[in-house]
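Going down the list, the sequences are from chains A, B and C.
To convert, note that position 144 of the first sequence is 144 in my numbering; the numbers rise steadily by one, no gaps.
To convert, note that position 8 of the second sequence is 8 in my numbering; the numbers rise steadily by one, no gaps.
To convert, note that position 116 of the third sequence is 116 in my numbering; the numbers rise steadily by one, no gaps.
Just so you know, these hints were derived from the structure itself, not from any lab.
Small disclaimer: the values here were computed from a predicted structure and weren't measured.
Accuracy of the hints is not assured; some may be wrong.
As the list claims (entries may be wrong) - Straight-line distance between alpha carbons at most 20 Å, and here's what the computed SDA-like set of lysine to any residue pairs gives:
{"#": "1", "chain 1": "C", "residue 1": "LYS106", "chain 2": "C", "residue 2": "GLY81"}
{"#": "2", "chain 1": "B", "residue 1": "LYS149", "chain 2": "B", "residue 2": "SER169"}
{"#": "3", "chain 1": "C", "residue 1": "LYS102", "chain 2": "A", "residue 2": "TYR98"}
{"#": "4", "chain 1": "A", "residue 1": "LYS29", "chain 2": "C", "residue 2": "ASN135"}
{"#": "5", "chain 1": "A", "residue 1": "LYS2", "chain 2": "B", "residue 2": "TRP80"}
Said to hold, decoys possible - Just a few of them, taken from the derived set where beta-carbon distance is under 7 Å, the chain B residues facing chain A:
{"#": "6", "residue": "HIS33"}
{"#": "7", "residue": "MET54"}
{"#": "8", "residue": "ALA55"}
{"#": "9", "residue": "PRO69"}
{"#": "10", "residue": "GLY73"}
{"#": "11", "residue": "ARG89"}
{"#": "12", "residue": "THR98"}
{"#": "13", "residue": "THR105"}
{"#": "14", "residue": "GLN115"}
{"#": "15", "residue": "ALA138"}
{"#": "16", "residue": "ALA167"}
{"#": "17", "residue": "LEU174"}
{"#": "18", "residue": "VAL178"}
{"#": "19", "residue": "THR179"}
{"#": "20", "residue": "ALA182"}
Think of the CB as a built atom: it goes at the ideal place given N, C-alpha and C, for glycine as much as any other residue.
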Amino acid sequence: MKKEGPILIGFLTGSIVITSYFLKSTGLKSISDTVVRWRLIIAAFALALGALNMVRLHGKNIHHKGRNWQYSVVFLVFFLPYLAIGLIRGSNSAQYQYVWKSLYQPASATMYSMTLFYMTNAVWRAFRIRNLHAGILMFTGAAVMLGQIGIGTAISPLIPRFSSWLLDTVNTAGIRAITIGGSLGIVSLGLRVILGLERSYMSDGGN
Amino acid sequence: MTTDVRIWLMALMTLGLYSYLFRENPFFRFCEHAYTGLSLAHLVVMGWTNVKTMALTRLANGEWATVIPIVLGVLLFARWFPKAAWLSRYPIAYLVGTASGVTITGVIEAGIIAQVRAAMKPVTNISSLVTLLFTVAALSVFFFIVGNKPEGQVGSVQIAAWRVVSASSYLGRLVLMVTFGAVFGSTVMARLGLFIPRLELLFRDWIHLIR
Amino acid sequence: MYKFTQQWLIWGLLSIVVLLPLVKPIGLPVGYAAETEAAFKFIDNLPKGSITMMVCEVAPSNAGEIWPAAIAIARHHLEKGHKVVISTFIPDGIMYSLELGKLLEKEYGAKYGEDYIVLPYVAGRETALAAVADNIRGVYKEDQFKQDLNNLPLWTRIQSIKDFAVVSCYTSSDDTWWLVRHIWGKYQVPCISSTVSVATPDSLTYYKNGQLVGMLGGVRGAAYYEQRLGKPGMATKSMDAQSAGHIYLLVLMLIGNVSYWYSRRSQGRRSEG
Numbered sequence: 001m002k003k004e005g006p007i008l009i010g011f012l013t014g015s016i017v018i019t020s021y022f023l024k025s026t027g028l029k030s031i032s033d034t035v036v037r038w039r040l041i042i043a044a045f046a047l048a049l050g051a052l053n054m055v056r057l058h059g060k061n062i063h064h065k066g067r068n069w070q071y072s073v074v075f076l077v078f079f080l081p082y083l084a085i086g087l088i089r090g091s092n093s094a095q096y097q098y099v100w101k102s103l104y105q106p107a108s109a110t111m112y113s114m115t116l117f118y119m120t121n122a123v124w125r126a127f128r129i130r131n132l133h134a135g136i137l138m139f140t141g142a143a144v145m146l147g148q149i150g151i152g153t154a155i156s157p158l159i160p161r162f163s164s165w166l167l168d169t170v171n172t173a174g175i176r177a178i179t180i181g182g183s184l185g186i187v188s189l190g191l192r193v194i195l196g197l198e199r200s201y202m203s204d205g206g207n
Numbered sequence: 001m002t003t004d005v006r007i008w009l010m011a012l013m014t015l016g017l018y019s020y021l022f023r024e025n026p027f028f029r030f031c032e033h034a035y036t037g038l039s040l041a042h043l044v045v046m047g048w049t050n051v052k053t054m055a056l057t058r059l060a061n062g063e064w065a066t067v068i069p070i071v072l073g074v075l076l077f078a079r080w081f082p083k084a085a086w087l088s089r090y091p092i093a094y095l096v097g098t099a100s101g102v103t104i105t106g107v108i109e110a111g112i113i114a115q116v117r118a119a120m121k122p123v124t125n126i127s128s129l130v131t132l133l134f135t136v137a138a139l140s141v142f143f144f145i146v147g148n149k150p151e152g153q154v155g156s157v158q159i160a161a162w163r164v165v166s167a168s169s170y171l172g173r174l175v176l177m178v179t180f181g182a183v184f185g186s187t188v189m190a191r192l193g194l195f196i197p198r199l200e201l202l203f204r205d206w207i208h209l210i211r
Numbered sequence: 001m002y003k004f005t006q007q008w009l010i011w012g013l014l015s016i017v018v019l020l021p022l023v024k025p026i027g028l029p030v031g032y033a034a035e036t037e038a039a040f041k042f043i044d045n046l047p048k049g050s051i052t053m054m055v056c057e058v059a060p061s062n063a064g065e066i067w068p069a070a071i072a073i074a075r076h077h078l079e080k081g082h083k084v085v086i087s088t089f090i091p092d093g094i095m096y097s098l099e100l101g102k103l104l105e106k107e108y109g110a111k112y113g114e115d116y117i118v119l120p121y122v123a124g125r126e127t128a129l130a131a132v133a134d135n136i137r138g139v140y141k142e143d144q145f146k147q148d149l150n151n152l153p154l155w156t157r158i159q160s161i162k163d164f165a166v167v168s169c170y171t172s173s174d175d176t177w178w179l180v181r182h183i184w185g186k187y188q189v190p191c192i193s194s195t196v197s198v199a200t201p202d203s204l205t206y207y208k209n210g211q212l213v214g215m216l217g218g219v220r221g222a223a224y225y226e227q228r229l230g231k232p233g234m235a236t237k238s239m240d241a242q243s244a245g246h247i248y249l250l251v252l253m254l255i256g257n258v259s260y261w262y263s264r265r266s267q268g269r270r271s272e273g
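So that you can see chain A by itself, here it is in the shape it has in the complex (with noise of 0.2 Å):
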């Protein structure tokens, strides 16, 4: 039951959802609708599980009075009156809004802004040409970003174009390459999980 029942589900929805795709029967593809549908209702409880999980962390930060546990009462601060709003007056209303707009949309987005400070961090003390592979990198890195911008443009019209041939050309014969392999990839590690082959999934600490 604790390791059959999981494989045995594995292996059905995944053969039904492919024997759907390859045999064109309208009886199997409504079955296979409805396992993928019952997929994303449980999809929506994984999303929820993942964020209550952080909110138990944090509670029990605080109640054994743990290492900064006064930001996990900022935590919770902010998650409980936001998680009300969200719940009783529903997405679309204009609080839930004004706190997204205001407080959530601009931290998110500069989260993610500061890794420009990085990345020029990296540009100014890592990137050496130190042998060929590093120059074609640098070199191809350099004409693509003086391809992308008006500058480019503004200095010659033969920047942008050598640069959408470099793209057009050589990158798509190297992103071709990995798309086949990481699709072959894909198939077998698909297969693997349907046939019971790979069963890293179940490590949940049980028996």
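Position chains B and C relative to chain A; hints supplied.
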């Protein structure tokens, strides 16, 4: 400087998080935890709305079978109880099994057949010849069957085959460097694209330096 | 006081260099982008009344790049008299979907339910997109405002994904890949992708393969589209700052490498001596 409370909140949140560039400090930590709290509340709200529209409403409308994914979804929370944690394997197996099936069906046509078809188009000019040769070369990088140089009593054909694949693989690595270079070149625009709106918020909307 | 370091000089200069063109725009040209031109022409040639889907995977973390593209294409659709169904598969996307709807109402007087519909967020990422491709009516019963979709005139014209003249996606993730797999690959519905710049090399290959009818790569793609539409917006405004930032980073790269080669040469001389 603006008097709009919303812009002030946005600016303070932005500055609070940017203060991390100096060093980790209480202002940053406050903003960081506020952001995490809001972000996770948003996730729960979205998850719950989904459960309501996709499952509970349908259940109320007489689609009784919907009780199955609801039960499986609830079983995910069994992970919180060590003795019952194994029960969460059922929904996870469902998630993983279905996702594998869906991915495989999509990947076969779009990821393999269409790519090979596109690579094997008739060669009409130098660029298309270069793309074809470079695709083969880049593919040979992943051709792990040909490993080290054959040793011992091996035929000249084997040695020649090894040499061809090795040379092709070397060229393929250079092709991949061009690809990674292109990705890096594009990354700069992506990062600047995130930073510029922050500057616009601070210097246009907040202190009105930009008109 | 914190020590004034080289790092702060580099970061400070970066901020100033990017800020200056925002204060005083230069108006540098936006180069030709064949793949974006293809997207523009495809949408431009769609007949009036065509139903289109916009997969709005916009989040604050990528909005700087792809939100202008979503706005430009939405405007184009409305100008050509197309109908727009807005969907999303990321939690943040719903906020931008609602925003897009408001914009269409404000600028074009679009009527909800007749000219556009906002569909609710569906969890499950790739599986969700695949489910919509396979059976859109099975996935959606209500819109974002909890109305029965069957009561909306636009929805009654939609039976399957094949009823869409084009599906466009605005994403920083693998959505282009999923679009190509499940919507183009399985049903041959024309697809357009607007991606963040970093995903441009990937998406460009799908365009070259014929799996996408057009694409918009990052801010540059959005700026080109805005100019082609004759409505310069956020992307066009930021292109000068983009140019300045790029040049700054190229100069840093150059100085870094020159100093590296110089120090290697002097080290070599010292060891010879």
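Now the hints, each set against the structure:
1. Taken as a hint, the LYS106 (chain C) and GLY81 (chain C) pair is honoured in the structure, with Cα atoms around 15 Å apart against an allowance of 20 Å.
2. For the suggested pair LYS149 (chain B) and SER169 (chain B), the alpha carbons sit about 13 Å apart, so the restraint of at most 20 Å is met.
3. The suggested pairing of LYS102 (chain C) with TYR98 (chain A) holds, with an alpha-carbon distance near 15 Å, which does not exceed 20 Å.
4. Only pairs whose Cα atoms come within 20 Å are accepted, and LYS29 (chain A) paired with ASN135 (chain C) is accepted, the gap being roughly 10 Å.
5. Taken as a hint, the LYS2 (chain A) and TRP80 (chain B) pair is honoured in the structure, with Cα atoms around 17 Å apart against an allowance of 20 Å.
6. Given the 7 Å rule on beta carbons, the hint for HIS33 (chain B) holds: about 4 Å separates it from the nearest Cβ of chain A.
7. The beta carbon of MET54 (chain B) is positioned within 7 Å of a beta carbon in chain A (closest approach about 5 Å), and the interface hint is therefore held.
8. Here the hint on ALA55 (chain B) is kept, as its CB sits about 5 Å from the closest CB of chain A, short of 7 Å.
9. The interface hint given for PRO69 (chain B) holds, since its Cβ lies 4 Å from the closest Cβ of chain A, which is under the 7 Å cut-off.
10. Here the hint on GLY73 (chain B) is kept, as its CB sits about 3 Å from the closest CB of chain A, short of 7 Å.
11. The closest approach between the C-beta of ARG89 (chain B) and any C-beta of chain A is roughly 4 Å, which is under the 7 Å cut-off, so the hint is satisfied.
12. The closest approach between the C-beta of THR98 (chain B) and any C-beta of chain A is roughly 4 Å, which is under the 7 Å cut-off, so the hint is satisfied.
13. Checking THR105 (chain B) against chain A: minimum C-beta separation of about 4 Å stays under 7 Å; hint holds.
14. The beta carbon of GLN115 (chain B) is positioned within 7 Å of a beta carbon in chain A (closest approach about 5 Å), and the interface hint is therefore held.
15. Taken as an interface hint, ALA138 (chain B) checks out: its beta carbon lies about 3 Å from the nearest beta carbon of chain A, inside 7 Å.
16. Interface hint at ALA167 (chain B): violated, since its Cβ lies 15 Å from the closest Cβ of chain A, which is beyond the 7 Å cut-off.
17. The beta carbon of LEU174 (chain B) comes within 6 Å of a beta carbon in chain A, closer than 7 Å, and the hint placing it at the interface holds.
18. A least Cβ separation of about 4 Å between VAL178 (chain B) and chain A falls short of the 7 Å threshold, and the interface hint therefore holds.
19. About 3 Å separates the beta-carbon of THR179 (chain B) from the nearest beta-carbon of chain A, less than 7 Å, and the hint is met.
20. Using the Cβ-Cβ criterion of 7 Å, the hint placing ALA182 (chain B) at the interface with chain A is satisfied: the shortest such distance is roughly 4 Å.
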